[in-house]
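Read off the chains here:
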Amino acid sequence: MRYWLIGALATVTIAGACAMATMHEAAPQKAAEPAPGAATPNASATESQPPPEAAGQEAYSDEVVGTVEAPRSAARPGKVDPILFPDGNVPSTPPPDEKSRGAETSTDTPVLDKKTTIEFSDDTIEGELATPDGEFVEARKKTDHGSLVKVPDGFGQDRKDWQKGTPAGDASGKLKKAPRAAPTKPTTTPKPPPKTHGGKSRRTLSYDDVELRKQVSSAVKPVDELWVVSRKQAPRARPAAARPDTGGIEARLPSSEQRVPLPLKHTEVSAQIAGFVASVRVKQQYQNPYAEKIEAVYVFPLPEDAAVSDFVMTIGDRTIRGIVRERQEAERIYAEAKQQGYVASLMTEERPNVFTQQVANIEPGKSIDVDLVYYNALPLEDGWYVFSFPLVVGPRFNPPGKADGVGAVARGERGASGQGTEVQYLAPSERSGHDIGISVDLDAGMPIMELQSSTHKIETQELSATHRAIKLAAADTIPNKDFVLRYRVASDAVGSAFLTHRDDGGSYFMLLLTPPAELKKIERSPREMVFVLDCSGSMSGEPLRQAKAAVRRVLELMEPDDSFQIINFSTSASQLGKQPLVATRKNIERGLRYLASLDAEGGTMMTEGIHAALGFAHEPGKVRIVSFMTDGFIGNETDILRLVHSEIGAARLFSFGVGSSPNRYLLDAMARMGNGAVAYIEPSDAQAAEAVDAFFERIAYPALSDIEVEWGGLQTVDVYPARIPDLHVGRPVFVSGRFTGQASSIRVSGYAGGKRVEFAVPVIVDPTAARPPLKQIWARMKIADLAQRATWDDDLRGLADLIKQSAIEHGLLSRFTAFIAVDSSRVTAGDHGVSVTQPVPVPDGVRYENTVGREKK
Amino acid sequence: MRRGSILARAALIAYALALAAIAVAEEAARFQPIDIVVDVGAGALAAYQIELVVTSGDASIVGVEGGEPAAFKAAPYYDPKALAGGRIIIAAYSIDDQLPSGRVRVATLHMREVGAAPGYEVKLLAAADSDGQPLSVTVEVQPRPVGGAR
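Protein chains in written order, with my numbering: chain S, 1 to 857; chain Y, 1 to 150.
No lab work stands behind these hints, which were simulated from the structure alone. Since we're looking at a predicted model, the values are computed, not measured. One or more of the hints may lead you astray.
[Claimed, not checked] Calculated cross-link-like contacts (lysine-lysine; reagent style DSBU-like; alpha-carbon spacing at most 30 Å):
1) Lys578(S) to Lys548(S)
2) Lys520(S) to Lys755(S)
3) Lys457(S) to Lys521(S)
4) Lys471(S) to Lys265(S)
5) Lys265(S) to Lys457(S)
6) Lys755(S) to Lys73(Y)
7) Lys548(S) to Lys520(S)
8) Lys283(S) to Lys804(S)
9) Lys804(S) to Lys123(Y)
10) Lys457(S) to Lys283(S)
11) Lys123(Y) to Lys366(S)
12) Lys548(S) to Lys457(S)
13) Lys265(S) to Lys73(Y)
14) Lys283(S) to Lys73(Y)
15) Lys622(S) to Lys755(S)
16) Lys622(S) to Lys586(S)
17) Lys123(Y) to Lys283(S)
18) Lys471(S) to Lys81(Y)
19) Lys457(S) to Lys471(S)
20) Lys520(S) to Lys578(S)
21) Lys366(S) to Lys521(S)
[Claimed, not checked] Take a look, some chain S residues computed to stay more than 12 Å from chain Y by CB distance:
22) Asp317
23) Arg325
24) Arg332
25) Ala344
26) Ile436
27) Glu462
28) Val623
29) Trp711
30) Asp823
31) Gly830
[Stated by the list, open to error] The calculated label-pair distances, taken between Cβ atoms and stated as ranges, are:
32) Thr768(S) to Asp129(Y): 56 to 64 Å
33) Ala475(S) to Asp129(Y): 33 to 41 Å
34) Ala490(S) to Asp129(Y): 58 to 66 Å
35) Glu462(S) to Gly86(Y): 46 to 54 Å
36) Asp129(Y) to Lys402(S): 56 to 64 Å
37) Gly86(Y) to Pro767(S): 56 to 64 Å
Backbone N, C-alpha and C fix where the C-beta goes; we use that ideal spot for every residue, glycine too.
Using the sequences plus the hints, can you model the full thing?
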């Protein structure tokens, strides 16, 4: 009896039926013939195929290239261990279809050679296996691959042993069936027929060096066929080598019969808000649903100002607290632990709001939880405190030539973006089992007047006038948009606030600095409004509609002595006119028409938009206000911020975040560097209108700039931000530092509209107050301030050292530090398994085809 | 001639030392759990703070695990500032009704070791009962065999 091996080069999934048809069931010849130059695996293959890169061919897999060879004669020298099919059956004659292709016809040994490790993607193929004609059709519908069997162009063309014989596929990617095995009577008792599902059998196989023989032996049945699926991919760059999992295998189908869930099952967010300080615990629950050991990899967002200061890995009833280490050291430790078979977890920061969690050596069926805790201060925006929790990293555009961005790829296409960080996205037709739970315990300390979420359905329990318990409604648990909760306290209670914390390390303060009422009494200057709209592909649909609505509203509110310009950018930038137009009715209508004509497509060359908005001469006597409307889905944030810093001049940049999951780090930082303020437009039209009106009111008054603080009897050091941001109406800012001494008030001064403004802020310094989050928030603000400096300061190494030192001393995650936790008490069996990257949905309202790519059918 | 020979020998020695250094540097790391065991006697332990001192060899901490009794099951905290200075200080407290007495494992430290087996010493910095009264306890460190497939 003989057994057939099907060759394929690439990311390979072996699924569905496994070949062992009897001789009497000749394989149908429906498959297309190989195209010229293409090769098919051959029964007489005797040499290992080089990986495609080595052969100068198209790369089909970023990490591992594997082949499952066609069956070959036992007489040929085998280079690897042969794999015996079940029952020891060996076909003694070749199947007719192979004969017709001139393949070797004689073989005595059942052989399935495996030359290298095969990379499997996490596709499941289901099909009716008993009726070959139908199964391909069925299976094709259910896989992401363009075809079930696909051999790359030119593959093996110089190798005659691959040019004839078993038709695993053809260059055009058309499906071909596996060859039929020669008919033979099993010499041993046949195994029971495959498990069926409504008359159809479904089976998924995965291979690795250790398990191949076992799996094939137990899974392949005489009535089955072997299918090999390869995915043709564009040549791709390897991710930056900074990640310890680089070089790992992306994902592999589990050895189970059904589509299985992904490793991240649930994320539970529990927040406690006291006043305006939030302490948030995030629990990520991982479970290995596969039959093999895995490493789970998950790229996820957190608020950009989150001071992540605790990290605990839970295995069963054991809890292991992670340690903050220098990032490279932590990555090295993680790689060692992973390689040696220990359960370990590593958390790294890729951006201030993008993180990677890796959990190594999760054994089949086992669960591992990772808890992290962070603190942040809630911004006060136009009278509302805002608690936001991002749930998905939006698909980002990376300009050509960049490799340190955040790539967006389809599920299973690891490395395809060529970026150091990469997010895999589920296609619109796919769903993961990952859901979320969010609960918020809000103790505002003052009567709560209003509380709402326009992003999610919530259930609220009023515990007292100042205290609420909020829970995410059960019907709204898909993690595809930011969770935003707003609350307002009694308006007369909102003012500047001064909180302190004292411990062995000293005393820390946090000052909420509220703009003085005097700002509204100062006469405004005429404005030169520059609207910049991101019209890239990710803005298509709802985000662009929101942005246009915002611009329309502001245009209608402009006054005759104002002027305006509309700039739109995607791959390049264009604008309404050569110069800003005076805001006459006629010009406004012209602007509205221009606005209506804009559509979203192409890349996000944001630098083009910034150059266009800031790179022309100011109109004398007018304040330039740049309103930047974008989802911020770009991966080169540093380039953008550096450009804003260098070109902002006397202009002010106000960023508007649109869409359900904007890049808040970028938008906040652009506004901060642009001496403006940020606003987010949520899905609710009412909220959007309110945000735009608040913005218009804000720009109607001058900001308080060049702010200085006289601390009275307080001796302050390490105050951050080092330069206190300008104060705009409706937008208080946080200032934090360390101090000694006592005072009952501090004095704040600055300039607005050319006039000096000065006001006092009463403070109460409680020498015994213990508010530990303040210390962590201060450290995080220090790190953020240093990181911001790093966008334009040349002393990167010096700044990096300062960030590292500060983060380690305070046990905080940062770009240069990471959390590592290793369970050294036990070594898990086997090698470290494969990496399974958790794919995520694209944000609500974002079109997959415009950001990730066309969904594969 | 003699001077040349000395120089050549010196160069060889330096080369050998450099190779040895590289070998040490490249020596594979291993992981080792070590238990922190406290003998409270008849008292009831509510809080402790200890310092682990690496007396010899190359070892660093890669995880802090809770102990055996329910009151100290949660992972202890470590002092990041001390760790930045090369010291390993952990601490925990419990408000549980059932506080442990006698000899108990209060924590397990997961260590990464390189080269010869490091020496460990543990110092008790503080131990107290639920009233905050100091307890007279002894503390010791016990490397634990690694289980599983090793």
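Notebook entry, point to check: Does Lys755(S) lie within 30 Å of Lys520(S) when you go C-alpha to C-alpha?
Noted result: Holds, at roughly 13 Å.
Next item on the list: Starting from Lys283(S), check that the Cα of Lys73(Y) is at most 30 Å away, please.
Entry: Status holds; Cα separation ~18 Å.
Check: Given the hint that Lys123(Y) pairs with Lys366(S), does the C-alpha gap stay at or below 30 Å?
Finding: Status violated; Cα separation ~36 Å.
Notebook entry, point to check: Glu462(S) and Gly86(Y), beta-carbon distance inside 46 to 54 Å?
Noted result: For Glu462(S) and Gly86(Y) the Cβ distance comes to about 51 Å; the hint holds.
Item checked: Pair hint Lys265(S) and Lys73(Y), alpha-carbon separation not exceeding 30 Å -> holds, 25 Å
Next item on the list: Compute the least Cβ-Cβ separation between Arg325(S) and chain Y, then decide whether it is above 12 Å.
Entry: violated, 8 Å
Next item on the list: Confirm or reject the statement that Ile436(S) sits farther than 12 Å, beta carbon to beta carbon, from all of chain Y.
Entry: holds, 25 Å
Notebook entry, point to check: Is the nearest CB of chain Y more than 12 Å from the CB of Asp317(S)?
Noted result: violated, 7 Å
Note to self: Taking 56 to 64 Å as the stated bounds, is the beta-carbon spacing between Gly86(Y) and Pro767(S) within them?
What the structure shows: violated, 32 Å
Checklist line | 12 Å cut-off, C-beta based - Trp711(S) kept clear of every residue in chain Y | finding: Trp711(S) is indeed farther than 12 Å from all Cβ atoms of chain Y, at 26 Å.
Margin query: I want to verify a distance hint. Is the separation of the beta carbons of Asp129(Y) and Lys402(S) within 56 to 64 Å?
Written below: For Asp129(Y) and Lys402(S) the Cβ distance comes to about 59 Å; the hint holds.
Check: Taking 30 Å as the top limit, are the C-alpha atoms of Lys471(S) and Lys265(S) close enough?
Finding: holds, 19 Å
In summary, the numbered hints that this structure violates are 3, 6, 11, 17, 18, 20, 21, 22, 23, 24, 25, 30, 31, 32, 33, 34 and 37.
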